[in-house]
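Chemist: Here is how the chains run, residue by residue.
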Amino acid sequence: MQSFAYANPATVQEALALLAPTWGEADVLAGGTDLLSLMKEHLHTPKRVVNIKNIKELEGIQKTADGIRIGALVTMDELAKNADIKAAAKSLSDAAAAIPSPQIRHMGTVGGDLCQRPRCWYYRQGFGLLAMKDGKSLVPDGANQYHAIFGGGPAYFVSPSSLGPALVALGAKIKLVSAKGPREVAAASFFLVPQNDTSREIALHPDEILTEIVVPAGAVRSSTYEVRQKEALDWPLATASVVLHMRGNVVASAKVVMGHVAAKPWDSADAAKAIAGKAITAETAEAAGKAAVAGAQPLSQNAYKVTLARVAVKRALLEAAKQKA
Amino acid sequence: MDRATEQQIPGNRPSAFGKIKIAGKKDGTITAWQSDTWATGGFAGGGQPPLPYVYTNIPNTRLNHVSVSVNAGPAQAWRAPNNQQASFLTCSAIEDFAAKVGVDPMVVFNKNADYTPRAEQYRYQLQKAAEISEWSKLWKPRGSQTGPVRRGLGIGVNAWGGAGHACTARTTINPDGSVLLEMGTQDLGTGTRTIMTQVAAETLGLQMSQIKLAIGDNSLPPGGSSGGSTTVGGASSATRKSGVNALAKLFEAVAPALNVQPEDLEAVDGTVRVKADTKKSMTWVAACKKIGPGGKISETGANEQRNPMGLNSGGAAGVQVADVSVDTETGLVKINRYVAVQDCGLIINPRLAESQIYGAIIMGISTALYEERIMDDATGRMMNSDMEFYKLAGIKDIGDIVVHLDIREVNDKRGVIGLGEPPAVGICAAVGNAVANAIGVRVPKMPMTPMHVLDALEGRNA
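Protein sequence lines correspond, in order, to chains G and L.
So the first sequence is residues 76 to 400, counted in this note's numbering.
So the second sequence is residues 19 to 480, counted in this note's numbering.
Worth flagging that the hints you see were computed from the coordinates, not collected in a lab.
Incorrect hints may have been included.
Quick look at which bits of chain L chain G covers, simulated, 3 or more residues with Cβ under 8 Å [what the hints assert, rightly or not]: (1) 194-203; (2) 337-350.
Here are the simulated EDC-like cross-link-like pairs (lysine to aspartate or glutamate), alpha carbons at most 16 Å apart as the crow flies [claimed, not checked]: (3) K115(G) / D20(L); (4) K305(G) / D122(L); (5) K115(G) / E406(L); (6) K208(G) / D272(G); (7) K293(L) / D282(L); (8) K129(L) / D45(L); (9) K365(G) / D122(L); (10) K208(G) / D395(L); (11) K211(G) / D132(L); (12) K414(L) / D309(G); (13) K39(L) / E138(L); (14) K305(G) / E389(L).
Every residue gets a Cβ at the ideal spot worked out from N, C-alpha and C, and that includes glycine.
Please work from the sequences and hints to get the whole structure.
Modeler: Laid out in structure tokens, this is it:
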């Protein structure tokens, strides 16, 4: 690990003054479950590490007029156990609870989940975010069993965020602040698909801090279904988060967002359309699952993930349908 | 070295690929075997699986094998190198044959047991494994289930040498009654310290707490390397012999005081006493005083591989049954129960022996479901060398493990046999067969990941 200066600001304003306008100067430390690995592998070599864990204003979950405000420092464990979240956004609660290992749930934060770097093994071994060699990505003909089945490149990594698909489906807002002031982006716009090795996969700027998330209020049924091989310490192979606005027993409108299948949470309008106006049954859920993966472009080794994504959508819908309105 | 480096540089488990044809009768009797296999031991060759495995005496066999050299590290021992592969290939072929002729595989493994080196042993163990796994209640013919989650049972068998390696122990008895046992061996965590102390205590008629043990130093009498499951046989035999030799010297010192010949004496329960008249006795401490001040008894004992004198032998056998549930929509395999019936001759410490088997099964389930060196063709790199991507079974992934030690007089009489490797051999075989039984399709690749299971179910096995 490269030497670095360590800063302990107590307010967001102090923290912002310690950041820099370009990437590579400073990194923000919260739970540290990803940043420390990145630094040990020399993938991130910040000159300064800005610890934000002492900033009280970034903590806590509160109901507000806009919905539910979740501070960036809320841990996955707090999020999973919060009664307001369970009641209003079960899909988000499910997603946090499914993160394996109590250690990660207790250390990992909401902000960190959204800002963590991809787990693509080419990226982690130093081949760059897009694993480009001689102008061509190594992934399509390489070891791609865990890679993207949507998007068609050049970014073939999958977004590692556990909360991303649920937040996109719920229509959450993400608040970012820089020395110039705060701004707000929709969760769907927060995740980006980079076109080159030097750009980032999220909308956060290097001089910004993610401060909070706001989940809108509203009577919805929601669920997240995750396919993961191991019970502990493992990444999902595919997930689906669904949000249903019901009219009686019929779906008035839906959002279906898949995770770990593309460089960003993958919103399927086709799946939502397939289920709209219908009651959720094994058949309609299956049809929505099929619609969700109709445009999939699997690589040489990951055709199985198309099945997993389809099944995750089906099972998430069936799970959401069981909930009381 | 960090974990990733450690995974990248030391070499590989030998890998194998095979195509097997079995001929047999409708009642499940096997009459012929043909195998074409390819295996690699890295750049240096090797890695040939011994086929047919356990069922070695199948008549009418034809075996074609090609050793493939690849640009990778050498083959390394991984708890029964080549045997796991051989067991998987053989047991898969037998299970597939059983399914083809429509006979319960438990019957087929049993019916053909005469082809194994110890038919009685395997028959007994198959019966025991069937009982514990509730085979007759839970087993259903291959592919007969419906619904997304299907349960399956499968059999794996193992065999191993495990005769004791050459090594030397030294037992020293001091005039104050203290005892020192020494050997330049090591304890891998398998209980070598415990069994050496236990054997010495029993030999000298003392409590284990009265034996001081010294190992792990090159200045001590030579131990052997820990490999091939040969440590327990060697260390226990050498300990026993050095104890017997030291005791004979002690009896020589004590016999005049009790007015008998040395060979009339025995050491039991902390005393040295006359065998024919056990009331004529001395405490251990009083007996050791007869050595005389400043003196000591120090005797070595060696295990010779070619002449173990009945203290150890080779040839462990085991039968295992995996009970799994497979989600056919996701390809996820979960272990419900794993039953292991295992013999290893005379068992010195049943709790340690059981513990060895639990460890072997946890490791084997990890092999069967998760572990894999994922190599990238484009870069020649191992992509999953760190512990984030190299998957290992955790406590919630291993199911309920049931161990039955095959302790019977017939096995006791064979002496001590090593146990480290044999119970780790048949796990890919048992899990693979259980998956095939559940889903009706053979998954031809290990480990049984969702990718490999779904590829098999959806016909992507070109």
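Chemist: Are the hints correct? Go through all of them and say.
Modeler: Right, here's what the structure says about each hint:
1. 194-203: Our answer is that it is violated, as 0 residues pass the Cβ test (under 8 Å) against chain G, missing three.
2. 337-350: With 4 residues in contact (Cβ-Cβ under 8 Å with chain G), the coverage given for the region 337-350 of chain L holds.
3. K115(G) / D20(L): holds, 11 Å
4. K305(G) / D122(L): Violated. K305(G) to D122(L) sits at ~31 Å, over the 16 Å cutoff.
5. K115(G) / E406(L): Judged against 16 Å, a Cα distance of about 14 Å means the pair holds.
6. K208(G) / D272(G): holds, 11 Å
7. K293(L) / D282(L): holds, 6 Å
8. K129(L) / D45(L): Roughly 9 Å between the alpha carbons, so the hint for K129(L) and D45(L) holds.
9. K365(G) / D122(L): violated, 38 Å
10. K208(G) / D395(L): holds, 14 Å
11. K211(G) / D132(L): Violated. K211(G) to D132(L) sits at ~59 Å, over the 16 Å cutoff.
12. K414(L) / D309(G): holds, 12 Å
13. K39(L) / E138(L): violated, 26 Å
14. K305(G) / E389(L): holds, 12 Å
Consistency note: the structure conflicts with the earlier hints numbered 1, 4, 9, 11, 13.
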